[in-house]
Amino acid sequence: MNTRDMILIVGVGSAHGDDQAGWLVADELARRLPDGSFFSVRKASVPLDLLDWLGNIKVLHLIDAIQASGCGENVRRLQWNSGAMLPCERSSDECRPDRAERAPASSRDDKLPELAGARSGLRETMAGGPPGRSSHGFSVPDVLRLAEQTGMLPETIVVWAIPGSSFQPGARMSEQCQNNICRTATQIMAELSVAYA
Amino acid sequence: MSENRTIRVEALTRVEGEGGLHVRLNGNVVEDLQLTIYEPPRFFEGFLRCRPLEDVPDITARICGICPVAYQMSAVHALEQALGVTISPEIRRLRRLLYCGEWIESHGLHMHLLQAPDFFNAASGIELAATFPHEVTRGLKLKKLGNDLLEVLGGRAIHPINVAVGGFYRAPKREELQKLIPSFEWGLQAAIEATRWVAGFEFPDFERPYEMISVSHPDEYPMNEGRIVSSSGLMIDVAQYEQTFAEHHVAHSTALHSLKVADRSSYHVGPLARINLNRDRLCETALRVADEIDFSTPCLNPFKAIIARGLEVIHAFDEALSILRDYQSFKPSRIPYEYRAGEGCAATEAPRGLIYHRYGIDDQGKITFAKIVPPTSQNQRQIELDLIDWLPRILSPDDQRTADECERLIRSYDPCISCSTHFLKLTWEQPRAMIEHSP
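Taken in sequence, the protein lines are chains A and B. Start counting the first sequence at 1; every next residue gets the next number (the numbering used here). Start counting the second sequence at 198; every next residue gets the next number (the numbering used here).
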């Protein structure tokens with residue numbers, strides 16, 4: 001097995017407004033991660049792209065913007081567990097995958113914000129609610145569920161949700177979202193270095 | 198006493214684009230039916246103007262994330278005609294290889310995740326995967342192989358960047374393509390199994406008197422080149438396309454309807470049309486499978502387009518393997534050209550059907566005008582007419598069930614309404630007195 005492929009980091013997004021967040025964090029991580037490491041960084045235009053990249057992946061870090069009102073400016077760390085996205089907002093140390101997997105089941109009922117999806121205007125409910133919409137109807141949760149059904153799901157999936165407010169085509173990235181790009185990359189780097197040092 | 202009946206489906210998936218369907222019924226009679234496409238126009242033809250012609254393949258690829266190659270191929274062939282460029286046989290084969298990749302990924306996705314669920318009352322590909330994990334996984338792998346080919350040859354799977362006017366910016370090395378052979382050998386067998394699987398589905402007994410239209414080439418299954426033919430005997434050069442077919446604006450759609458000029462009648466493009474008009478140019482393996490599953494042509498049942506897609510995936514793998522095995526790196530990867538004023542047009546076969554492009558250029562290599570007619574524009578009116586025929590057969594007191602059956606027919610076309618949003622909304626009106634049972 002090619003160990004380089006074992007940890008996959010994917011920024012989901014588009015070129016529009018705060019929906020760029022996933023791509024920009026992926027770009028930042030690609031710059032920071034050392035050559036020859038066993039991390040692979042990719043950018044997805046639509047969540048369905050993910051399915052092509054999951055072979056031999058043990059850990060998936062997914063970065064996407066969220067359209068969320070009233071959830072503050074903080075980046076949210078979420079854990080995919082048995083068909084649901086569970087909140088797991090902890091310090092970098094506490095967010096080690098081995099610990100994060102023990103997110104409480106009661107968290108599933110938490111009201112969570114919406115992922116912005118790969119293009120502006122796409123909204124994906126992460127906990128409950130109707131299925132999200134994306135290319136041909138496949139949202140990030142849909143794609144993860146499909147991967148689960150077909151046995152392609154990595155052992156650990158961490159979603160980094162970056163709050164945004166501007167998703168119109170051609171819009172500039174908001175200052176709030178811009179501030180979170182390097183911060184998110186640093187958090188992910190810290191988590192990777194703790195877990196895989 | 199009459200009462201309006203309204204059905205609204207808020208979040209349909211498995212259709213590319215944003216549109217809706219509005220139906221007004223009087224008893225079992227459809228009084229009005231509109232496939233309403235309400236996305237804002239995207240103005241690609243407008244903003245191509247004054248751009249360097251070299252930008253066209255990359256810009257038009259952005260029209261669609263599922264079939265960017267179709268836009269690139271149609272664009273470069275039209276521009277090369279305008280420039281008087283003749284591409285080499287090596288470039289021509291490499292372009293067919295690229296198109297094979299697109300057919301594989303697009304058809305693989307539609308067969309397994311978009312249309313197949315309709316045959317098992319599954320709400321989605323995810324639900325289908327619970328019952329058919331092996332088949333859905335196989336479909337995903339087939340799609341991935343198509344994307345792998347696009348990535349190697351096009352530079353990336355979505356919106357490839359290696360296609361240039363005159364050829365390719367870079368011809369791949371032999372070993373880059375050779376690496377794909379083992380997985381494509383698996384893919385050919387998997388495509389055969391997938392086609393056998395879908396051929397075993399239970400299909401509605403529904404046929405329509407289609408006029409089928411496709412590109413046709415005497416020596417090969419149509420992709421990049423040929424004349425335009427129809428099931429009624431039409432055979433024209435691509436240059437005559439606009440004298441034969443014309444787009445019309447309708448109030449309920451921001452996408453134009455393309456109809457035949459002679460009688461403003463609709464027509465059908467797509468995999469069924471291609472196979473009906475070019476069956477004998479399928480590869481031997483696809484022909485053998487077609488015979489084995491008793492797929493007779495002409496096939497006029499739109500739901501059986503899923504079988505046609507399967508046969509085309511077999512063909513695409515077979516042809517791709519042939520090209521991959523024989524491939525040698527070559528130079529030049531791009532034929533040079535001088536700017537000259539002129540215009541050119543081309544028709545190629547997108548996964549969803551015939552696509553037509555025409556461009557004008559000036560002596561500085563700038564685009565003076567552009568015209569792009571995608572397959573779904575050509576199928577729109579045909580879908581509406583199909584639904585008018587289909588509705589009385591499936592009309593149910595259960596609104597949702599009727600709506601589902603309408604969507605099922607629409608999905609069989611794999612419409613690419615647009616690539617910017619993904620949402621079909623369906624509303625329904627019928628005098629309450631005409632309904633036999635309450636929903």
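Treat the hints as calculated values from the structure; they're not laboratory data. Since we're looking at a predicted model, the values are computed, not measured. Note that the Cβ used here is the ideal one computed from N, Cα and C, for glycine as well. Do not take every clue at face value.
Some chain A residues judged to face chain B by a derived CB distance under 7 Å, without partners named [as the list claims (entries may be wrong)]:
{"id": "1", "residue": "42"}
{"id": "2", "residue": "52"}
{"id": "3", "residue": "56"}
{"id": "4", "residue": "149"}
{"id": "5", "residue": "153"}
{"id": "6", "residue": "156"}
{"id": "7", "residue": "194"}
Against the structure shown, which of the earlier numbered hints fail to hold, in ascending order?
-> 1, 3, 5, 6, 7
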